[in-house]
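In this text, residue positions in the first sequence follow our numbering: the first is 3, and each later residue adds one.
Heads up, a few of these hints could be off.
[Claimed, not checked] Simulated DEER-style distance windows between Cβ atoms: (1) N78 <-> E129: 30 to 38 Å; (2) L119 <-> V201: 21 to 29 Å; (3) A205 <-> R89: 34 to 42 Å.
[As the list claims (entries may be wrong)] Heads up, simulated PhoX-like pairs for lysine-lysine below, C-alpha to C-alpha not over 25 Å straight-line: (4) K125 <-> K113; (5) K163 <-> K113; (6) K163 <-> K148; (7) K148 <-> K113; (8) K113 <-> K206; (9) K206 <-> K148.
No wet-lab data here; the hints were simulated from the structure. Built from N, CA and C at the ideal position, the CB exists for glycine as well.
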Amino acid sequence: MIPPRLAYEKQTADSAESIAIIDFETTGLSPGEGARATEIAAIIFRNGHIERRYQSLMNAGVYVPAFITDLTGITNEMVRRAPSAARVMQEVADFVGDLPLVAHNASFARKFWDSELALIGRKRQQEFACSMLVARRVYPTAPNHKLGTLATFANLPNTGKAHRAQADVEMTAHLLCHMEVTLAQRFQIQYLSHALLRVLQRAKVSDIQPCIKKLLAR
DNA sequence: TGCCAGGCCCTCTTTAGGGCCTT
3 MIPPRLAYEK QTADSAESIA IIDFETTGLS PGEGARATEI AAIIFRNGHI
53 ERRYQSLMNA GVYVPAFITD LTGITNEMVR RAPSAARVMQ EVADFVGDLP
103 LVAHNASFAR KFWDSELALI GRKRQQEFAC SMLVARRVYP TAPNHKLGTL
153 ATFANLPNTG KAHRAQADVE MTAHLLCHME VTLAQRFQIQ YLSHALLRVL
203 QRAKVSDIQP CIKKLLAR
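Sequences and hints are given; from them, build the entire structure.
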């Protein structure tokens with residue numbers, strides 16, 4: 003069961019912005035190699051709350067390899083019965099509008115987002131921020147920065163089956179909340195905005211890691 | 001010829017190579 007509300011609710015919401023967090027399940031690693039999306043989930047996230055959700059399997063008319071079914075649980079039959087990729091992408095693009103986007107490993111999500119949008123004649127207008135790149139800086143001592151590992155490392159709530167879009171996108175939301183709390187405690191950061199995520203993900207790790215370690219040692 | 005994702009990051013770097021992360 004996916005919790006309806008996150009556990010990091012803040013008291014002040016005046017300056018909070020809305021962001022859209024997205025996650026794809028796909029048939030492979032690159033649309034350039036013919037991979038297509040099989041599922042997408044998106045949430046509108048504001049001030050520690052999930053305000054709106056969108057999730058759908060999608061039928062792009064492609065075969066789902068067995069190893070993808072093993073990984074995600076998404077079968078060819080599930081995809082065959084799903085609405086068309088074009089319809090789903092129209093819906094989800096309308097759902098997120100021009101809100102800034104976040105994904106775990108944004109470079110992966112961005113290339114599928116752009117590729118699937120291009121197939122319906124639409125173009126992304128907003129920037130992505132990457133929770134994985136930020137997590138590398140906030141949690142330099144984590145064993146690795148896979149979403150599942152970070153969930154265990156940061157003791158995040160269970161959101162359902164990993165490698166399904168809805169569970170992964172909600173886990174990303176929990177991760178953002180946890181990073182915001184960590185940064186707020188250590189750096190007097192008031193609010194983890196999309197702009198700040200973009201700054202942090204590009205900060206030199208060699209600069210920020212000693213800073214975080216020093217602050218954690220206090 | 002040989003390889004085949006690709007963007008980002010680190011370092012034994014920058015005239016490069018290798019690892020991480022996503023499905």
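These are the hints, each one checked on the structure:
1. N78 <-> E129: 30 to 38 Å: holds, 35 Å
2. L119 <-> V201: 21 to 29 Å: holds, 26 Å
3. A205 <-> R89: 34 to 42 Å: For A205 and R89 the Cβ distance comes to about 40 Å; the hint holds.
4. K125 <-> K113: The given pair, whose Cα atoms are some 12 Å apart, holds under the 25 Å limit.
5. K163 <-> K113: This hinted pair holds, its Cα atoms lying about 24 Å apart.
6. K163 <-> K148: holds, 15 Å
7. K148 <-> K113: Holds - the C-alpha atoms of K113 and K148 are around 19 Å apart, at most 25 Å.
8. K113 <-> K206: holds, 24 Å
9. K206 <-> K148: holds, 20 Å
When held up to the earlier numbered hints, the structure conflicts with none and fits them all.
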